[in-house]
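Participant: Chain residues, written in single-letter form:
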Amino acid sequence: KQEVTQIPAALSVPEGENLVLNCSFTDSAIYNLQWFRQDPGKGLTSLLLIQSSQREQTSGRLNASLDKSSGRSTLYIAASQPGDSATYLCAVNTGNQFYFGTGTSLTVIP
Amino acid sequence: EPEVTQTPSHQVTQMGQEVILRCVPISNHLYFYWYRQILGQKVEFLVSFYNNEISEKSEIFDDQFSVERPDGSNFTLKIRSTKLEDSAMYFCASRGVGTYGYTFGSGTRLTVV
Numbered sequence: 001k002q003e004v005t006q007i008p009a010a011l012s013v014p015e016g017e018n019l020v021l022n023c024s025f026t027d028s029a030i031y032n033l034q035w036f037r038q039d040p041g042k043g044l045t046s047l048l049l050i051q052s053s054q055r056e057q058t059s060g061r062l063n064a065s066l067d068k069s070s071g072r073s074t075l076y077i078a079a080s081q082p083g084d085s086a087t088y089l090c091a092v093n094t095g096n097q098f099y100f101g102t103g104t105s106l107t108v109i110p
Numbered sequence: 001e002p003e004v005t006q007t008p009s010h011q012v013t014q015m016g017q018e019v020i021l022r023c024v025p026i027s028n029h030l031y032f033y034w035y036r037q038i039l040g041q042k043v044e045f046l047v048s049f050y051n052n053e054i055s056e057k058s059e060i061f062d063d064q065f066s067v068e069r070p071d072g073s074n075f076t077l078k079i080r081s082t083k084l085e086d087s088a089m090y091f092c093a094s095r096g097v098g099t100y101g102y103t104f105g106s107g108t109r110l111t112v113v
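Protein chains in written order, with my numbering: chain A, 1 to 110; chain B, 1 to 113.
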């Protein structure tokens, strides 16, 4: 069974810092990997989708990388802002379902 | 941008009662999903639905759960006799043919008392 782990569980940084969130998964047989943002008590907002054949995807200040063979993905956030404060979830798609990590709770301090 | 719409946003129900959670997927999507997130835990897969039938379901999706697409727009999750442990946020998601990313709704928070 696919297991997805995210570290750190929580992160607090001053505004303007660049930061990296990590995601690891146990089974490299994946179709794609998606990063989501979740605000407290809210739904899941898709940030980036990386296909299994891709190495990275970029959207604005966000960059996600994928190393399928080692079972790792990172989400890089440049020049963090207080509005980036949220929980970031990594999810791997093995075919007909996503397996989610427990998330990294990010706080950006003004 | 197209959205997946879920109603209600919050539902409180008595243990043993039936509840129906409603979702309106994106109009041209054909793959539909339900996930749930118990407070403080991971988002978990419940069921996937395509071509008017269940294509995959998890161990959580037992006989108390059912899904239906009663018309061309709605996709529902029914819990026949709710238990305290069914309290969670339930997310609906949809995906289009030939696309790979899921679009999630904003969720229904179900509280069983």
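Be aware that a few hints might be false.
Facing chain B, a subset of chain A residues (Cβ under 10 Å, in silico) [to be verified]:
{"hint": "1", "residue": "Val4"}
{"hint": "2", "residue": "Gly41"}
{"hint": "3", "residue": "Thr45"}
{"hint": "4", "residue": "Tyr76"}
Calculated cross-link-like contacts (lysine-lysine; reagent style PhoX-like; alpha-carbon spacing at most 20 Å) [unchecked claim]:
{"hint": "5", "chain 1": "A", "residue 1": "Lys42", "chain 2": "A", "residue 2": "Lys1"}
{"hint": "6", "chain 1": "B", "residue 1": "Lys57", "chain 2": "A", "residue 2": "Lys1"}
{"hint": "7", "chain 1": "B", "residue 1": "Lys57", "chain 2": "B", "residue 2": "Lys78"}
{"hint": "8", "chain 1": "B", "residue 1": "Lys57", "chain 2": "A", "residue 2": "Lys42"}
{"hint": "9", "chain 1": "B", "residue 1": "Lys57", "chain 2": "B", "residue 2": "Lys42"}
{"hint": "10", "chain 1": "B", "residue 1": "Lys78", "chain 2": "A", "residue 2": "Lys1"}
Calculated directly from the structure, the hints in this document are not laboratory data.
Even glycine gets a Cβ: it sits at the ideal position worked out from N, Cα and C.
Participant: All the hints need checking, so say for each whether the structure fits it.
Facilitator: Hints versus structure:
| no. | hint | verdict |
| --- | --- | --- |
| 1 | Val4 | holds, 8 Å |
| 2 | Gly41 | holds, 7 Å |
| 3 | Thr45 | holds, 8 Å |
| 4 | Tyr76 | violated, 19 Å |
| 5 | Lys42/A <-> Lys1/A | violated, 28 Å |
| 6 | Lys57/B <-> Lys1/A | holds, 14 Å |
| 7 | Lys57/B <-> Lys78/B | holds, 14 Å |
| 8 | Lys57/B <-> Lys42/A | violated, 24 Å |
| 9 | Lys57/B <-> Lys42/B | holds, 17 Å |
| 10 | Lys78/B <-> Lys1/A | violated, 27 Å |
Hints 4, 5, 8, 10 from the list above are not met by this structure, while the remaining hints are.
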